[in-house]
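Visitor: Please model the complete structure; the sequences and the hints are all you need to start from.
All residue numbers for the sequence shown refer to this note's numbering, where the first residue is 7 and numbers rise by one.
Since the hints were derived computationally from the structure, they do not count as laboratory data.
Among these hints, one or two may not hold up.
Unchecked claim - The calculated lysine-lysine pairs, modelled on DSS-like cross-linking and capped at a C-alpha distance of 25 Å, are:
#	residue 1	residue 2
1	K65	K38
2	K862	K912
3	K587	K559
4	K294	K513
5	K918	K862
6	K294	K96
What the hints assert, rightly or not - Estimated spans, in silico, between C-beta atoms of each pair:
#	residue 1	residue 2	range
7	K587	T428	15 to 25 Å
8	K587	H561	34 to 44 Å
9	H332	H561	15 to 25 Å
10	S885	R118	22 to 32 Å
11	I925	D565	36 to 46 Å
12	D176	V129	12 to 22 Å
13	T651	L929	48 to 58 Å
14	T651	D568	47 to 57 Å
Ideal Cβ placement from N, Cα and C applies to all residues, glycine included.
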Amino acid sequence: MDLLKYLKSKIPVSPSHEAKERSNDEYFRFRKTFRIGFPQKVTSIFCDEETNFVGIGTKFGMVKILGSGGIDFVNEIPNQLAIIQLFYVKRSHRVVAVCEDQSFHLFEVNFRDGCRYLDYIKVCSSTGRLKQISCCCLCIRKNDDECILIGTESGNVYSLNVLSTFEIADCVIYQEMVLPKIPDDYKLNPGAVEALSVHPHYSDLVLIGYNRGLIALWDFGQTMILRTFVASHQVQWLCWHDEDRSRFVSSHSDGSYSFWKVDFDQGRSSLPDSRSPFGPFPCKAITKILWRHSCRHGDDYLFFAGGMPRAACSDRNALSVQLNTHQVVFDFTSRVVDFCLFDEPVLDKEEEGRGEPKLLLVLCEEELVGIDLTVDGWPCLRVPYFNAFHASPVTTCCHVSDLVRDCYDEVCQYGLRQSLTTFALSDTPWPGYESSSVAMAKFPDNELTNNPCLLITGHEDGTVKIWNVSWMDSPLLFVLNTACLYDSYQDPSDYSDDENVWPPFRKVGLYDPFSDDARFAVHRVCMDRNTGTVMVGGAAGQVTVWNLESEDKKHINIDCIDVNLVDATEHFEWKGHASLKVRTNGMQFLAGYQPSVVIQCYPPASITACAASYAWSLITFGTAHGFAVFDCASMRIIYKRCTLTPSEITPALTVSEGTISRYKSFKKSLRESFRRKRKPRSSRTSDSCQSSKAKQLDNAEASTNSQRPYQHHHHQLSRQAAVERAIEARSENKQQLNSLVRCATFASVNLVSGVVSASPTLWIGTNGGMIFAYLLKLPPNFEEEVSCVLAKEIRLRHAAPVLALYFTDYSASSSSHGRLKLQQNPSITEMQKLIVCSEEQIKSFSLPSLKSLRQKYRLTALEGSRILKTQLVTLTSKSNNSQRQSFVIVLTNQGTVNAFDSGTLKMALSVKCMDSNSISAILSTVLTEDGEGFYMLSSSEWQRFCIKWENRFCCSNANNGISPIGGAACEQLSPDREGSLNSCPEDSGDSARIQQQQHEAEAAAEEEEEELLQTASPLDVTADSIHDCMPCEW
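Guide: Given below as structure tokens:
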């Protein structure tokens, strides 16, 4: 024991860690910044052409406003009340939200601390006064009196003052004031107010539409009813013509609309011109209609939602656009919630009316669609924000930091051409939109000005989408379709709508949650930041490599390379799905991403890990049965290995069957369960200890059926520290896929003892706690074959799944993706080490000997949580920009983000990031290399958070006085959202006691390890075993 303590004391420790006494706020400051994607459960939308604002309200009470220059305002209504309708008041920059509990909530854009914020101001409750609200309308008078007209179920119309008091005004239009003006042939109670419309030129004139077909024209100046109109069906919506001041249109519940003309001089009204666009059969109601004049075409636009024939098209989510004789019915894949028009701004402020309609914004239940009205044919527009990440369900994702600028420009260029040709989108820019490149150019000190960051998502339908997340917006750059390589793929263009069919439907939108074949799903994806090459792994063992090409290619025939991972295994039988067949007919690809390699694994199980080193022209991929290494230069497999153990060969395991054992006796399992139930709790521990001693004497059963606890003796359990939990050793018969490959990485490190220079290596980690280290021999020319030789093996103590492998030195300097650039210095070479992140702990090994070091942290033993996500980051000091430190960031199954110093593996940060019950959010988390992260709030929206002290998104824009991000992008930090450093359940005054307990636990664990090493039998597998497989010629 003394000798072991002496040897451990001689392990070199960096002086920088011994002298480091500064506080952790030099590097960390946790905060949730902003959200990207499409909000969940949307209910309303508004847009403004002057500020280029687009605002959306949700069922959970969230108000989100996006605009040009990176503007992102987010705020929420207390108690998360559902929003029914949103109104934007231009003059005062206020937003009014109407909620389902009959209350009105006021938001205002304010300027403070150099940034613009969307502040929650006031609430006005109408309970008991207005009864049930049926409709609302914004009214802006010429005397700058801003109000909201409120129609109720009782037939009265109230007014809410928005400018000053934000209270219900005394001005009320009672239904009794309308009854004297009702025609003699109309002897019905008008019913509830269903629609309100303010005249665009005379704000004192308001149209009031009632439930039973009555329409009244009210004049606020004379406080009287001027005209009444009687329709044959219930009124759904009213809209004035923006040029002809005496005409308006009404939509009705029978799927018809009527044009009306008001003759102010003669004091009478003409008969309506009623039309049923899809009659004469019964049709659904037209819920909203807009009537606008186009100076460009010299005719009128008509936009309306609904009106479809009930028998044939009742399931269609349609919105129709008419211009003279031209009509198109846009068919969406999700329900149309609302729509609005983006007009060209009026240059002459004295000119009344609206500008030319140029963009139709359609808010659907699952996406936002923009239709360009300035181009013939009305194509869709590229939406820069509110993107539908869930157009096909997201199955995997990765983040790429600091992409080379040339590659980024190529991806943008090819993506723009793809949108024009493949997706037939318009090239018209979004109104007032500034791209990420233009926005970042205004801030030359921003660290992402030259090298953008990308978020790459893999989807269930086999597509891989590349998003730019360098700035506030998240535009889609490129769509890579891997499913088109296989025979079972069906091109959506083959099912285009027939223009001769009535109604003239046209499919629009990207949301399509259905997949033709579940095997198309993408399970792993990675990108090389220097070349932009993308590697994709699928659900049926397919692996494809895509390169950027500058020329179009036609009639390409791609050969598939088959890899049998179990060919040397006997008695193996695959019972899963069949593999995909590559298309034999010629395929064509536009300039951009084109396939260069297609590999098919057998068994066709899901790809669980992949890595690439394009500098070495090597890729590797793993499944639940093994892994293989492929040489992209010679186009051949240079190495493959089956990781199945004899106990896992029969029966054949698939990912979906991994928790089921077909050969385990059900009767025996029940008998053992009832016996454990009858035993008292105290006797279970002693019996398990005694049974573990007896089973050690049985050679065959000890390796497969032993259920030993981590400590073998009862007195060792009593010596364990109070803050450390006892963890049972994982045994091979527990139904988990120990052969599954969890991680793979290429690295240039020193793995050969006595050799100063670094060697190319490949590292593989499995679900059973095994780590394989391979030496790669790269020939100087491509004529010779690359050799891959197993050098060393590591088996972790508890056989916990290996999540990630990182390589650093003792001064905590590192490079991303596990690639370490080494200097030719023997002293530095001896300081290299390997950091292994498993589900239970973080541990370090010295290189090249792979001896276990003292630096480790047992997260499961100390805190009872498991590690799910890890990332090695390098952060800059707050006081000294030239000082950088690397940390290992982990996310646990409790939703906690922890940071560990990569040199000492001591915890430097612990903060609650998300709720432990949000399983989808935890599993979808992506940790980036620059100290940020993403997780999915819903299937369509990402929440972004940051743990470093820097906030690159908080900067003021002096040009327009509105913060492009700042407080607008970042939600206001409250004490419960601001993460405190080293935040633990205990009080801050007990930090010394906690640290002392941790030191005692570590010391006790080290003593236990030493005793176990001295007393362990050959059958014990409680210590990390390292096997040197280095061949003699190396």
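Visitor: Determine for every hint whether it applies to the structure shown.
Guide: Going down the list of hints, with the structure as the test:
1. K65 / K38: holds, 21 Å
2. K862 / K912: holds, 8 Å
3. K587 / K559: holds, 21 Å
4. K294 / K513: holds, 20 Å
5. K918 / K862: holds, 22 Å
6. K294 / K96: Holds - the C-alpha atoms of K96 and K294 are around 23 Å apart, at most 25 Å.
7. K587 / T428: 15 to 25 Å: Holds: the Cβ-Cβ distance is about 24 Å, inside 15 to 25 Å.
8. K587 / H561: 34 to 44 Å: Given about 19 Å between the Cβ atoms, the range is violated.
9. H332 / H561: 15 to 25 Å: Roughly 38 Å apart at Cβ, these two residues miss the hinted range, so it is violated.
10. S885 / R118: 22 to 32 Å: holds, 27 Å
11. I925 / D565: 36 to 46 Å: At 41 Å between Cβs, range holds.
12. D176 / V129: 12 to 22 Å: holds, 20 Å
13. T651 / L929: 48 to 58 Å: violated, 27 Å
14. T651 / D568: 47 to 57 Å: violated, 24 Å
Hint violations for this structure: numbers 8, 9, 13 and 14, all remaining hints satisfied.
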